[in-house]
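J.: Using the sequences and the hints given, assemble the complete structure.
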Amino acid sequence: MIETVATVESNLEITPGYRLLTLNFDEEVEARAGQFAMLRARASFEPLLRRALAVYRVAGKRQLSFLYQILGRGTEQLSFVERGGEVEALVPLGNSWPVEMPERSSVEASRRAIVVAGGIGSASVLMLCEELARARIDTQIFFGAASGRVASGCGLEDFRALGLPLTITTDDGSLGERGFVTAPLERHLRDEVSKKSLRGADSTIYACGPWPMMARVNEIAARFDARCLVSLEAPMGCGFGVCVGCVVAVKTDGPLGYASYRRVCTDGTIFSADTIRWEVNAMSH
Amino acid sequence: MTGTVNHDPRLAVEIAGIHFNNPVIGASGTFGYGLEFAELIDLNRIGGFSTKGLSSRPLAGTPPPRIVETHGGMLNAIGLQNIGARAFVEEKLPLLERYDTRIIANVFGYSDEDYIEAITILNDGAGIDAYELNISCPNVKEGGIVIGNSPAAAARLTERARRASTRPLIVKLSPNVTDIAQLARAIVGAGADSLSLINTLVGMSIDIYTRRSRLNYGTGGLSGPAIRPIAVRMVHEVACAVDVPLIGIGGIASVMDALEFIIAGATAIQIGTANYYDPRVTVKVVDGLSEYLDRTDSPNIGSLTGSIIKDQP
Numbered sequence: 034m035i036e037t038v039a040t041v042e043s044n045l046e047i048t049p050g051y052r053l054l055t056l057n058f059d060e061e062v063e064a065r066a067g068q069f070a071m072l073r074a075r076a077s078f079e080p081l082l083r084r085a086l087a088v089y090r091v092a093g094k095r096q097l098s099f100l101y102q103i104l105g106r107g108t109e110q111l112s113f114v115e116r117g118g119e120v121e122a123l124v125p126l127g128n129s130w131p132v133e134m135p136e137r138s139s140v141e142a143s144r145r146a147i148v149v150a151g152g153i154g155s156a157s158v159l160m161l162c163e164e165l166a167r168a169r170i171d172t173q174i175f176f177g178a179a180s181g182r183v184a185s186g187c188g189l190e191d192f193r194a195l196g197l198p199l200t201i202t203t204d205d206g207s208l209g210e211r212g213f214v215t216a217p218l219e220r221h222l223r224d225e226v227s228k229k230s231l232r233g234a235d236s237t238i239y240a241c242g243p244w245p246m247m248a249r250v251n252e253i254a255a256r257f258d259a260r261c262l263v264s265l266e267a268p269m270g271c272g273f274g275v276c277v278g279c280v281v282a283v284k285t286d287g288p289l290g291y292a293s294y295r296r297v298c299t300d301g302t303i304f305s306a307d308t309i310r311w312e313v314n315a316m317s318h
Numbered sequence: 002m003t004g005t006v007n008h009d010p011r012l013a014v015e016i017a018g019i020h021f022n023n024p025v026i027g028a029s030g031t032f033g034y035g036l037e038f039a040e041l042i043d044l045n046r047i048g049g050f051s052t053k054g055l056s057s058r059p060l061a062g063t064p065p066p067r068i069v070e071t072h073g074g075m076l077n078a079i080g081l082q083n084i085g086a087r088a089f090v091e092e093k094l095p096l097l098e099r100y101d102t103r104i105i106a107n108v109f110g111y112s113d114e115d116y117i118e119a120i121t122i123l124n125d126g127a128g129i130d131a132y133e134l135n136i137s138c139p140n141v142k143e144g145g146i147v148i149g150n151s152p153a154a155a156a157r158l159t160e161r162a163r164r165a166s167t168r169p170l171i172v173k174l175s176p177n178v179t180d181i182a183q184l185a186r187a188i189v190g191a192g193a194d195s196l197s198l199i200n201t202l203v204g205m206s207i208d209i210y211t212r213r214s215r216l217n218y219g220t221g222g223l224s225g226p227a228i229r230p231i232a233v234r235m236v237h238e239v240a241c242a243v244d245v246p247l248i249g250i251g252g253i254a255s256v257m258d259a260l261e262f263i264i265a266g267a268t269a270i271q272i273g274t275a276n277y278y279d280p281r282v283t284v285k286v287v288d289g290l291s292e293y294l295d296r297t298d299s300p301n302i303g304s305l306t307g308s309i310i311k312d313q314p
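Each protein sequence line maps, in turn, to chains A and B. Quick note, the first sequence lines up with residues 34 to 318 if you use my numbering. Quick note, the second sequence lines up with residues 2 to 314 if you use my numbering.
It is possible that some hints are incorrect.
[To be verified] Output of the computed footprint for chain B on chain A, the stretches with three or more beta carbons under 8 angstroms from beta carbons of chain B: (1) 74-88; (2) 273-283; (3) 291-298.
[Stated by the list, open to error] One side of the interface only, derived from the structure: several residues of chain B facing chain A at Cβ under 7 angstroms: (4) GLY33; (5) ALA39; (6) LEU41; (7) ASP43; (8) ALA61; (9) PRO65; (10) ARG67; (11) ILE68; (12) GLU70; (13) GLY225; (14) PRO230; (15) TYR277; (16) TYR278; (17) PRO280; (18) ARG281.
[Said to hold, decoys possible] Away from chain B, derived, C-beta distances all over 10 angstroms, residues of chain A: (19) ILE103; (20) GLY107; (21) GLY118; (22) GLU119; (23) ILE201; (24) SER227; (25) ASP307.
These are calculated hints, taken from the structure and not from any lab test. Think of the CB as a built atom: it goes at the ideal place given N, C-alpha and C, for glycine as much as any other residue.
T.: See below:
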């Protein structure tokens, strides 16, 4: 974890409301797939708190990119920072996507991964997809967005460039299948399982997207007995575990009590989906 | 990080017989159990820190959402989630032994007995330098009245805590009162060695589309630069009312902010919310204080405490 001031290489609009921020660091940063940074335009008085953004891409040891959606004051402030400008950064933070599946069969063909990206949740999984491809793990990507325009803003072209099987859905039907991304995910698992050679348990599902999407992915994964990992989002005060503001309720044996809450920033952001109490929302959506 | 630190001797202060290398202290609730900052700053360089509030038993805290950002600050309703006094003594204190920094154990409870129980557990812990009583909690035995909002209840608790404690006692004042000087006098009269102020101000923020509070708990504590002028005014009022050393708290994010509190009457200061968005702020303020002494030809930081000039009408 380094606390530093990074210099802006570029801050490009992909589509209206979606941007790609590339930062140069003086020190080496080793960010793994799924990790995040706390960022704020330097010396800006408002808003106060840094914003948690997933590391989208790594270029060399001193450059990181962040794909983000302008959602409020913090991301809007970041959108104004120009090339050569400065951004306060704490990075890398949180755990990372586990790609190894040692408990599975050692036969390559049975190691399968399913990546589900919803909206700007895509920012957390591009590096994961690259890593899965490098590990020669059979990977299917399900990519959902509100519209074709939003899909572009969420990095669709970068996902297409991976050359992995990619299923696209949009809420308005302007691109790919109309509806939620969970529909083709469910069909895919049903088809897989109907092929007698495969079991749901042969797949690991990696998901990042809106809370209701991840809750639904968890239900589907449970039904097909597939392992499911999710990267959660929560408003964060600090990003390194001290404010205890970003907690998510996790399953314990009894009612909500001590040990019922875990910090999204330092205990996650990646959790096993079956440990989360999905009915206790981490934030208002 | 450990090692020998060359402290600026002009920054040393004393509170209730405890020596602090400098007057910069991490505030309770924003500094974890200290260890979380070891990777970000050299803990030996700050005067001390106050732990996350410790209760006699571990507490889960409130369901999320727990925080919401506001203009110049934030609201929090964490519900005092903590590992409990016993776990702090057994698991955290041994790891803190290697640092030359003062450790203040922040204590809270939901009845006088709760506080006493937590203090009794902490009395066993080696390396704690002082206690800081968080009295901004509702007293369940008295219909949920907030102890710190009643001078009589606060004084009674202070007296009992003073007797139970083997260490200097700092009481952290709630600002949610009509007359903070009156509250301060009552607490000092009951035996507090020092006062720290202010705790957060009770606030609320509403989502206009759901028409619900943005916090699960409903209300939350407002902190950050937005509350600083209120805190400076209160430190000044309390400094005029009592003779014990004061620790100023409330929206400090820079050395200039810290100096306002010192000039208003604080012997030391605590930095809270700023740690979240500027994790090295404490060390920056320490350096800034030395520079200020150089620039103003002041002999030491103590000479500035309460040095406000009151020649306005």
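J.: Now tell me, hint by hint, if it's right for this structure.
T.: Hints, verified against the model:
no., hint, in the structure
1, 74-88, "holds (count 6)"
2, 273-283, "holds (count 10)"
3, 291-298, "holds (count 4)"
4, GLY33, "holds (4 angstroms)"
5, ALA39, "violated (11 angstroms)"
6, LEU41, "holds (6 angstroms)"
7, ASP43, "violated (13 angstroms)"
8, ALA61, "holds (5 angstroms)"
9, PRO65, "holds (5 angstroms)"
10, ARG67, "holds (5 angstroms)"
11, ILE68, "holds (3 angstroms)"
12, GLU70, "holds (5 angstroms)"
13, GLY225, "holds (6 angstroms)"
14, PRO230, "violated (15 angstroms)"
15, TYR277, "holds (4 angstroms)"
16, TYR278, "holds (5 angstroms)"
17, PRO280, "holds (5 angstroms)"
18, ARG281, "holds (6 angstroms)"
19, ILE103, "holds (16 angstroms)"
20, GLY107, "violated (8 angstroms)"
21, GLY118, "holds (18 angstroms)"
22, GLU119, "holds (14 angstroms)"
23, ILE201, "holds (29 angstroms)"
24, SER227, "holds (39 angstroms)"
25, ASP307, "holds (19 angstroms)"
The structure fails hints 5, 7, 14, 20 (numbered hints given earlier, in ascending order).
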